[in-house]
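Visitor: What follows is each chain in one-letter form.
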Amino acid sequence: MASHSSQTVHTEIRHGFIRTYIFSTDHKVIGIQYLMLALFSVLLGMGLSVFMRLRLAWPAAKWPTLEQIFSVGFSGGQMTPEFYLAMMTMHGTIMVFFVLTTAPLSGFGNYFLPIQIGARDMAFPVLNMLSFWVTFVALAVMVSALLVTGGAPISGWTAYAPLSALGQVAGPGLGTGQTLWVISIAIFCAGSLLTALNFLCTTINLRARGMSLMRMPLTVWAWFTTAILALLAFPVLLAGGILLLLDRVGGSSFFIPGGLVVSDKLIPHEGGSPLLWQHLFWFFGHPEVYIAILPGMGVTSHILSTFARKPIFAYKAMVSAIFAIGFISYIVWGHHMFMSGMSPFSSMVFSVTTMAVGVPSAIKTFNWLATLRGAQIRFTTPMLFALGFVSLFVTGGITGLLLAQPAIDIYLHDTSFVVAHFHLIMGVAAIFGIFGGTYYWFPKMFGRMMSERLGRIHFWFTLAGVYAIFMPMHFMGISGAPRRYAQLTEFTYLQHLQPVQIFISICAFITIAAQFIFLYNFFVSMWKGERAGVNPWEATSLEWTIPSPPPHDNFGELVPVVNHGPYEYSVPGEPTDFVMQNAPAGSVAS
Amino acid sequence: MPFAFAVFLWFMASITVALFIGKVWWLPPLISEHGAAIDRQLVITLIIAGIAFFLAQISLGYLIWRFRAKGGQRATYWHENSRLESVWTIGTAVVFILLSLNGNRIWASYILTPPPADALPIEVTAQQFAWNIRYPGPDGKFGRTDPHLINDANANYLGLDSKDPASRDDITTQNIMAVPVNRPIRVMLRTKDVTHSFFVPVLRVKQDTVPGLMIPIHFTANRTGEYEIPCAELCGMQHYKMRARLLVMSDTDFENWLKQRASMQ
Amino acid sequence: MQTIGALCAVTLMWSLGVSCGGSKETPTKSAEATPPAGSEGAVWKPTGNEGSVTGTASFKGTAPKPRTISMDADAVCASKHKETVYPETVVVNGNGTLRNVFVYVKTGLEGKNFAVPDQAVVLDQNGCMYKPHVLGIQARQNLKVVSSDNTTHNIHPLPQVNREWNVSQAPGADPILRSFARPEATIPVKCNQHPWMRAYIHVIDHPFYAVTGDDGSYKLDGLPPGDYEIEAVHEELGASTQKISVPPKGSAMVNFDFNPKQAYHQSSLTTLPALVLACCGEMRKGGR
Numbered sequence: 001m002a003s004h005s006s007q008t009v010h011t012e013i014r015h016g017f018i019r020t021y022i023f024s025t026d027h028k029v030i031g032i033q034y035l036m037l038a039l040f041s042v043l044l045g046m047g048l049s050v051f052m053r054l055r056l057a058w059p060a061a062k063w064p065t066l067e068q069i070f071s072v073g074f075s076g077g078q079m080t081p082e083f084y085l086a087m088m089t090m091h092g093t094i095m096v097f098f099v100l101t102t103a104p105l106s107g108f109g110n111y112f113l114p115i116q117i118g119a120r121d122m123a124f125p126v127l128n129m130l131s132f133w134v135t136f137v138a139l140a141v142m143v144s145a146l147l148v149t150g151g152a153p154i155s156g157w158t159a160y161a162p163l164s165a166l167g168q169v170a171g172p173g174l175g176t177g178q179t180l181w182v183i184s185i186a187i188f189c190a191g192s193l194l195t196a197l198n199f200l201c202t203t204i205n206l207r208a209r210g211m212s213l214m215r216m217p218l219t220v221w222a223w224f225t226t227a228i229l230a231l232l233a234f235p236v237l238l239a240g241g242i243l244l245l246l247d248r249v250g251g252s253s254f255f256i257p258g259g260l261v262v263s264d265k266l267i268p269h270e271g272g273s274p275l276l277w278q279h280l281f282w283f284f285g286h287p288e289v290y291i292a293i294l295p296g297m298g299v300t301s302h303i304l305s306t307f308a309r310k311p312i313f314a315y316k317a318m319v320s321a322i323f324a325i326g327f328i329s330y331i332v333w334g335h336h337m338f339m340s341g342m343s344p345f346s347s348m349v350f351s352v353t354t355m356a357v358g359v360p361s362a363i364k365t366f367n368w369l370a371t372l373r374g375a376q377i378r379f380t381t382p383m384l385f386a387l388g389f390v391s392l393f394v395t396g397g398i399t400g401l402l403l404a405q406p407a408i409d410i411y412l413h414d415t416s417f418v419v420a421h422f423h424l425i426m427g428v429a430a431i432f433g434i435f436g437g438t439y440y441w442f443p444k445m446f447g448r449m450m451s452e453r454l455g456r457i458h459f460w461f462t463l464a465g466v467y468a469i470f471m472p473m474h475f476m477g478i479s480g481a482p483r484r485y486a487q488l489t490e491f492t493y494l495q496h497l498q499p500v501q502i503f504i505s506i507c508a509f510i511t512i513a514a515q516f517i518f519l520y521n522f523f524v525s526m527w528k529g530e531r532a533g534v535n536p537w538e539a540t541s542l543e544w545t546i547p548s549p550p551p552h553d554n555f556g557e558l559v560p561v562v563n564h565g566p567y568e569y570s571v572p573g574e575p576t577d578f579v580m581q582n583a584p585a586g587s588v589a590s
Numbered sequence: 001m002p003f004a005f006a007v008f009l010w011f012m013a014s015i016t017v018a019l020f021i022g023k024v025w026w027l028p029p030l031i032s033e034h035g036a037a038i039d040r041q042l043v044i045t046l047i048i049a050g051i052a053f054f055l056a057q058i059s060l061g062y063l064i065w066r067f068r069a070k071g072g073q074r075a076t077y078w079h080e081n082s083r084l085e086s087v088w089t090i091g092t093a094v095v096f097i098l099l100s101l102n103g104n105r106i107w108a109s110y111i112l113t114p115p116p117a118d119a120l121p122i123e124v125t126a127q128q129f130a131w132n133i134r135y136p137g138p139d140g141k142f143g144r145t146d147p148h149l150i151n152d153a154n155a156n157y158l159g160l161d162s163k164d165p166a167s168r169d170d171i172t173t174q175n176i177m178a179v180p181v182n183r184p185i186r187v188m189l190r191t192k193d194v195t196h197s198f199f200v201p202v203l204r205v206k207q208d209t210v211p212g213l214m215i216p217i218h219f220t221a222n223r224t225g226e227y228e229i230p231c232a233e234l235c236g237m238q239h240y241k242m243r244a245r246l247l248v249m250s251d252t253d254f255e256n257w258l259k260q261r262a263s264m265q
Numbered sequence: 001m002q003t004i005g006a007l008c009a010v011t012l013m014w015s016l017g018v019s020c021g022g023s024k025e026t027p028t029k030s031a032e033a034t035p036p037a038g039s040e041g042a043v044w045k046p047t048g049n050e051g052s053v054t055g056t057a058s059f060k061g062t063a064p065k066p067r068t069i070s071m072d073a074d075a076v077c078a079s080k081h082k083e084t085v086y087p088e089t090v091v092v093n094g095n096g097t098l099r100n101v102f103v104y105v106k107t108g109l110e111g112k113n114f115a116v117p118d119q120a121v122v123l124d125q126n127g128c129m130y131k132p133h134v135l136g137i138q139a140r141q142n143l144k145v146v147s148s149d150n151t152t153h154n155i156h157p158l159p160q161v162n163r164e165w166n167v168s169q170a171p172g173a174d175p176i177l178r179s180f181a182r183p184e185a186t187i188p189v190k191c192n193q194h195p196w197m198r199a200y201i202h203v204i205d206h207p208f209y210a211v212t213g214d215d216g217s218y219k220l221d222g223l224p225p226g227d228y229e230i231e232a233v234h235e236e237l238g239a240s241t242q243k244i245s246v247p248p249k250g251s252a253m254v255n256f257d258f259n260p261k262q263a264y265h266q267s268s269l270t271t272l273p274a275l276v277l278a279c280c281g282e283m284r285k286g287g288r
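Protein chains in written order, with the working numbering: chain A, 1 to 590; chain B, 1 to 265; chain C, 1 to 288.
In case anyone wonders, no lab produced these hints; they're calculated from the structure.
Heads up, the beta-carbon is just placed ideally off N, CA and C, and yes, glycines get one too.
Don't take every hint at face value.
Stated by the list, open to error - Within a straight-line C-alpha distance of at most 25 Å, the following computed PhoX-like cross-link-like pairs (lysine-lysine) qualify:
| # | chain 1 | residue 1 | chain 2 | residue 2 |
| --- | --- | --- | --- | --- |
| 1 | C | 60 | C | 106 |
| 2 | C | 65 | C | 45 |
| 3 | C | 82 | B | 259 |
| 4 | C | 131 | C | 80 |
| 5 | C | 45 | C | 131 |
| 6 | C | 65 | B | 259 |
| 7 | A | 265 | B | 259 |
| 8 | C | 80 | B | 163 |
To be verified - Residues of chain A placed beyond 10 Å of chain C at every Cβ, according to the derived structure:
| # | residue |
| --- | --- |
| 9 | 53 |
| 10 | 72 |
| 11 | 194 |
| 12 | 276 |
| 13 | 349 |
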C-alpha cells in the first residue's frame, strides 16, 4: 500500500506572477514549461533540418538570400559542407536531448504522473523547479554554440573522439562551439538526474490509497521505468562529457592516443583511447533512445485502450515488457560499435542481447493489435496518432533485425539505412507519442478542446509525409549510401540516388509545413477552443476525475481512493462502457 | 476515416514490399568471396522482416477497419490469453535466436578466420581527407614510419623514414588502391588523425580506422574492374569527398602497375 | 494555464527571431585606409627622400632531391599538369638563387603607423597548388582567396597568434575575404582535401616586404632613411638577419645565403603548445 503521510493539503496561497508562472513549484506549470521548451526546440531542430535537406537535394545551388544572413556558412553563395555538418550536429543534438528527452518524460510525466497516481504534487517540488531551469540553461548554452564565432560543432550528436577532442585544428566549429556543446550536455545531464530522482520517489511513495502498482496506468509504468533508465544512464554521459572537456582544455588524454598529426600539427597528447569515448557515450546512448520511446509506448497503450473502449490486452505482460526493455537496454550498447574496432567476441554477445530486446517489443506490438480486436474504435485525433505510432514502431523496429547482426552491419553500418531506422523509431514514432499525448491531454491542461478537423488534416499530412521521407532512405542505405555526407554526388555509384534525395526533400518541406497546422490548432484552441468538461474522452484514469484545468492541489478536498484498475472499459454488467478508477468498489473484481 | 486509414496502411506496405522485391534500388554488384554469405543473410533477414512488417501493417489496417465503432455497441471484454501470449512470444524468440545464430556464424567465419600466410599485404592510412595506400615493394617489408617525419607538402604523407632500408622500395599512392584479382589481400588499416572508416561496398567490407590502432582485415576480390571506396565514419568537413578508387586487375597488370608506380616514387 | 501558453508563445517567437538572425562570423568585407585604433600619431606619409634595399637570396650546397607530387587523389588536379609536379619546399633557381624567400624589415620602423591598403592580396588555387607559395600581407589587410580549379578546396591557415579559420570553396564559389588582426610570421596554409598543397602567409604591420622570385632577387622600396634590421625567412632553411643603413634617396644591398645545414626543423610540422599545470609541471614535451 502506498504511504501518503507525506501529503499535506495545500491551502490556496496567492503568489505573485513570478512565483506562479516563472519559478513555480507546481508540477503542472513545470510540465507545461518543459513542453514549451520542447516546442521551441523542435521548431529549431526542424528549421535546421530544412537546411540539411536543401543541401542534400541541391548541393551546388546558390542561395543569395541565405548568404545575406549566414555569410560564413554560405560563403560564395553555396551552402558549405561544414555548414551542413553543423546543422546536422545541432539538429541531432537538439532533437534527441531537448525534444525527445524532455517532452515525453519531463513534460507529460511531470504534469500527469502525480495526478494519475492520486498525488497532489511531485515528491520534491522545489527540485522539480530547479530541474526545469537547469535544463533551460542547458538549452541556452546549446543555442549559444550555434551562434558563436567559429560556428557550431561538426562532429555529429555523437561527438566521437578524437574529432571532438582535438579542437579547431580538426575542423571548423570544433573550437569554442564544441566546448559549449559539451558544457550544455553536462548541464542537461544534471537537470535530467534531478527529474529522474523526483519521478522515482513520487511513484514509489505518493500513490493514493488503493493505487497499487498493478493498478497504475501504463503511462505511469513507462515514466517510472524511463526514470530508472535516466538515473543510471545520464551520470555516465556526464562523466564522459567531463573527460572530453578535460581533453579539450585541460591537457588530459583520455580519448587521444599518441602520435597524431592533424592538419600538419603534431598533437602532444598520448595514452588515450577513442573507443573509450564510444563505450561511455553509447552506454548512455542506448538507454537514451529507450528513454525517448518508452513514454510514447505508455501513452499509446493508454490512448489505444481509451478509444478502443477495451482494456489494454495483457496488462501484466505489458508491464513486464516495459521492464524487460528497460533492463535489456543496458546490455546492448555495443551494437553501435560493431565496426569500431571493438573485439569481435563482444560483438557476438551484443548481437544476441540486441535481438533479445526485440522480443518484448514484439510482445507489446502483438498486445496493441490484440487490444484492437473486438474493439469499438473511436477515431479521435489522439487515437489516430496512437494507431500511427503502432504502424511506425513496427516499421522502424523491424529494421533492427538487420542492424543487430554484425555480419549484415558490415554493409549497413553508417549508411542511410541506419538513418531511416532511427528516424522512424525516434524521429517519428516517439513524436507521434508526443502528438498523441498532446491531443489527448490538451483538454485537461487547458480546459478546451482542440479542433478535430485540423487534427485530422495534421495527422494525414504527417503520417503520409514521414513514410514518404524515411522509407526511401532504406533503399539509399541498401545501395550503399554513407550517412553524414553533405552530398552524394561525388561518387559514381551513388549518383542515381539524386532524384530520391530531391523527392525526400520535397516531402520533408511539405511535412514540415503541415506542422504549422498543429501549431495553429494548439495555440488558437487555447483561447477559442470549445470548452472541455471534466472527462471529454470518457476515460478511466484519475486525471479525468478533476476539473479541466486542474486546481493547484489537483484533487482539492477529495483525495481519491482507488478501487479499480486503469483500463476498465466495456466491463460486462456495468451501466456505462467505462469504470473510473475511483468509482466505488464492488463493480468488478480488480 | 477507418477505411481510408486501412487503405493507406495496405498501400504503404504493398508499395514498400514491391520496391524491395523488385530490387528497384539494390545492393551494388558483389565482387568478393566472403560477401556471398553476407548477402544471403541480408536477404533472408529482409524476407523475415518483410513478412513481419507486411503482416503487421495489414492486420493493423484490417483491425482498424473491422472494429470501428458501430453505434451503441460495447467492445468485447477480452483482455488476456496466456496461451496466445506464450505462442507469439516463444515464436518471436525462436525466429530471432535462429537469425542471430546464423548471423553470428557468418560473422565469426569472416572476422575470426585469419587470411592465408601468402596474402598480399597492403597498408591503408587514412587522413583528413585522403587515403594513403602503401605497398611493401619487392622486399615484402614495410619501412619505418614516424609521425615526426610527416611532411605533406613534401609528399611524405606517412612520415617514411628514408634511413630505414626497408622503406626504399615502398610504393605509396594516394586514393588509388590496386589489387590483383582472385588473390587474398590483407589490409592494415591505420589513421593519422581522427577515426575514418574503410568501406568498399562491392566487397562488403567495412572497418573503422581508429587512431592509435592498426586493424587488419582481409578479402579476396573475384572480379576485375574499377570501384569506389567511400569513407564511412564522420571525419570532418570533407568526409563526403574522401574517395579512393579500387582497381582490381589481373596478376600481370598488377605487377606492371606496381613497377610503374615504383618509378614514380 | 492560458497565461502560461501566451507567455511561452511570445518567448518562442522572440527567441526564434533572435536565433535565426545571427551570423556566425563577420569577415571584413572591406579594409579601411585609416590608422589602427588606439595607435598614437598620424599615418606615416612619404617625404620624398626614401631609399631602398635590394639583394638576392642564394642557396649554397646541393639541392635536396625532391619527391614527386602525385595528384591521383583528385583527377581534376592531375588533368591540369602535363609535367611532373615537385614540392615547392626548396626551389633553387637555375643561377643558384633561392625562390620563395620572404624578406622584410624586422626592426627600425618602430613608432610609425602605416595605412592598411584597400587592395586585397590575392591567393589563387590553380592546378591544386597555391599561387603564390609565399605571400606577405599587412595586419587587417584583406586576403582574397580565389579558386581557378573545378574541384572543391578548403583553405585552412594554421596561425598561432591569430584566429584559426577553415572554409570550403566549391567550384564557382565567390572569392573568400579574410584578414589577420595581428602580425605573425610564417602562417602555414593547408588544404585538407589536397594534402600536398601548402602556402605561407607572413603578416606584418608595414608594407616593406618582398618575396624572391625566379631570379632570387628582392627589392624593398620607399624606405625612409635610417638603420634597419632586414630578415630573410625560408620555410625549410631557416632565417637570418642583417643590419643595414639606408641613405636618403639611395640604395643599400643585402645578400642572404642559405644552406642545408641551417635547416631548423626537418618537417613542416608545428607542435601545439603543451599545457603546464601549476600542480604537476609540464604535461608533455612538445617536440620539434
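Visitor: State for each hint whether it applies.
Guide: Verification of the hints:
Simply put, residue 60/C and residue 106/C have alpha-carbon atoms about 24 Å apart, close enough for the 25 Å limit, and the pair holds. Simply put, residue 65/C and residue 45/C have alpha-carbon atoms about 47 Å apart, too far for the 25 Å limit, and the pair is violated. Of the supplied pair hints, the one linking residue 82/C and residue 259/B holds, its CA atoms being roughly 21 Å apart against a limit of 25 Å. Restraint check for residue 131/C and residue 80/C: the C-alpha separation of about 14 Å stays at or below 25 Å, so the hint holds.
A hinted pair counts as satisfied when its Cα atoms are at most 25 Å apart, and residue 45/C with residue 131/C does not qualify at roughly 31 Å. Annotation: proposed proximity of residue 65/C to residue 259/B holds, straight-line Cα distance about 21 Å (limit 25 Å). Only pairs whose Cα atoms come within 25 Å are accepted, and residue 265/A paired with residue 259/B is rejected, the gap being roughly 33 Å. Distance check on the hinted pair: residue 80/C and residue 163/B sit about 34 Å apart at the alpha-carbon level, beyond 25 Å; violated.
No beta-carbon of chain C comes within 10 Å of the beta-carbon of residue 53/A; the shortest separation is about 17 Å. Listed as outside the interface, residue 72/A is inconsistent with that label: its C-beta sits roughly 4 Å from the nearest C-beta of chain C, within the 10 Å cut-off. Residue-level check passed: residue 194/A sits 21 Å from the nearest beta carbon of chain C, beyond 10 Å. Remark: the non-interface label on residue 276/A is consistent with the geometry, its nearest Cβ contact in chain C lying 19 Å away (cut-off 10 Å).
Even its closest Cβ contact with chain C, about 37 Å, leaves residue 349/A beyond 10 Å, as expected for a residue assigned away from the interface.
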